[in-house]
Amino acid sequence: MIRVLRGLITTAVLLTLWAGIVWIFDLPHYILPGPERVISVLWTRPELFVHHALITAAEISAGLALGGIFGLAVACLIADSPRLQRWTMPALVISQALPVFALAPILMLWLGYGFASKLAMTTLIVFFPVTAATLSGFRALPSSWSDTITALRGQRLRIFWQVRFPLALPFAGSGLRIAASVAPIGAVVGEWMGSAGGLGYLMLHANGRGQTDVLFAALVVLCGLALLIWGITNRLTRSLNRYQAFD
Amino acid sequence: MLTIRQLDLSYPGYPPLATIDWSIGRGQHVALLGRSGVGKSTLLKALLETPKPPQIQCETTRIAYMAQSPVLLPWLSARDNVMLGARLRGEQSSETAEIADALLDRVGLSGLAARAGGQLSGGQKSRVALARCLFEEAELVLLDEPFAGLDRSTRIDMAELCRELLVDQTVILVTHDPRDASDWLEAAWVLSAQQLSGPLDLQAFQDDRELIRALDGAL
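So the sequence lines, in the order shown, correspond to chains S and C.
Anchor point for the first sequence: position 139 equals 139 in the numbering used here, and the numbering is continuous, going up by one each time.
Anchor point for the second sequence: position 115 equals 115 in the numbering used here, and the numbering is continuous, going up by one each time.
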């Protein structure tokens, strides 16, 4: 209840500030439309925003799922081999250091202007935080734990699946929460580069036609969507905390 | 049971530590005292290794280890934590579950077998860890400050339990605090950066100043 109230108050303060700036500087609506214009376009054409938001939401969610699975799998594969980590880490880091903007044209060329290229870009952004966080989870095992497990003389695979993998899951969860906050970048950049739908597409389209109110409305919807996806990810990954055994 | 000849405890890149000779007879219960950083953990690790370094001759491969923290998997029940070794070796059965339940009874946790490890108190976790040690039916039991982080009365209870349940095993208890152990251990050895000395009479350490002198290698 308090959280809802806090959200409402923050929103109200931001809207007032926004309206105040427009009014004080007497800005024309094609530079900065007032909140009332943006709300009115959202109110009169909801189907437009829902249609494009659903496309972007699908890209982000699918990218989160695929990047999460991929990131977890890569971390599991290299967890036990410092040598493999030394060999793969530079490639993993480069995949993050290269701006997704730079890769976008290539991915467009290879995967086309449809869903696949946006999925690839979102996956690319998501998988690294998940891999890095999961790996740090594997490394976080205190020596008292590894000594105890060693003394039990278990089989390697059983130790991995019954002890080490579950213990790394809370770390993977926090990686996925970080990834969820940056995943919209991949989807929206992909849509800017070339697409027939999605909030990024809608923004470019509106911008080209001088419909600044639609541009801002799409931005507002994107903010809401990003928050929603982060909230859902947060809720889903919190259940992994039951595997939390040490800090 | 255990004979160590000229084992160097030094760690590469750190100041040199003692090179030790040590021998412990079957069924003996001894304390190993020492300040942190004198190589106690290195020694324990060497004892847990398979194969062991050639300087260590041990009559058994059945070695149980209890660490400073209880090391319970919070999502597994107390019973499954006790038989974790069997689970990890692929030996679990209804029989091992019965053994685990019986051991939980013996450490005073009857009725808590199904409770998740994460929902036990600190003292209860230590009891589960002790039951897991017993489950392994080891001949040599290494206790690495197993009572650290427990309050005084729980420590006394745990020491009492160890005395009762570890009669048949050879036990090495690594600790800072000989008062944990004085009523059930037979002898103490003191490891300093220079040497391993002992056996010393544990009663000698009832005075803290004596203990500090011993830990510094002055006795």
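Calculated directly from the structure, the hints in this document are not laboratory data.
No residue lacks a Cβ here, since even glycine has one placed at the ideal position from N, Cα and C.
Hints should not be assumed to be uniformly reliable.
[Said to hold, decoys possible] Label-pair restraints from in silico Cβ distances: (1) C/ARG26 / S/LEU141: 38 to 48 Å; (2) C/ILE156 / S/VAL93: 51 to 61 Å; (3) S/VAL93 / C/GLU91: 22 to 32 Å; (4) S/TRP23 / C/ALA116: 30 to 40 Å; (5) C/ILE156 / S/ARG158: 31 to 41 Å; (6) C/GLY122 / S/ALA97: 19 to 29 Å; (7) C/PRO51 / S/VAL93: 36 to 46 Å; (8) S/ARG158 / C/PRO51: 14 to 24 Å; (9) S/LEU8 / C/ALA102: 28 to 38 Å; (10) C/ALA187 / S/SER181: 52 to 62 Å; (11) S/LEU8 / C/GLU91: 54 to 64 Å.
Quick rundown of the hints versus the structure:
1. Taking the beta carbon of each, C/ARG26 and S/LEU141 are about 33 Å apart, not inside 38 to 48 Å as hinted.
2. Look at C/ILE156 against S/VAL93: about 53 Å separates their beta carbons, and that is inside 51 to 61 Å.
3. About 43 Å separates the C-beta atoms of S/VAL93 and C/GLU91, a value inconsistent with the hinted range of 22 to 32 Å.
4. The hinted window of 30 to 40 Å between S/TRP23 and C/ALA116 is violated, with their beta carbons roughly 59 Å apart.
5. The hint said 31 to 41 Å for the Cβ distance between C/ILE156 and S/ARG158, and at roughly 37 Å that hint holds.
6. For C/GLY122 and S/ALA97, the Cβ-Cβ distance of about 45 Å falls outside the hinted range of 19 to 29 Å, so the restraint is violated.
7. The hint said 36 to 46 Å for the Cβ distance between C/PRO51 and S/VAL93, and at roughly 38 Å that hint holds.
8. At roughly 21 Å, the beta-carbon separation of S/ARG158 and C/PRO51 lies within the given 14 to 24 Å, and the hint holds.
9. Range check, S/LEU8 to C/ALA102: Cβ separation about 59 Å, and the 28 to 38 Å hint is violated.
10. The beta-carbon spacing between C/ALA187 and S/SER181, approximately 59 Å, falls within the hinted interval of 52 to 62 Å.
11. A hinted range of 54 to 64 Å holds for the C-beta pair S/LEU8 and C/GLU91, which are about 59 Å apart.
This entry does not satisfy hints 1, 3, 4, 6, 9, going by the numbered hints stated previously.
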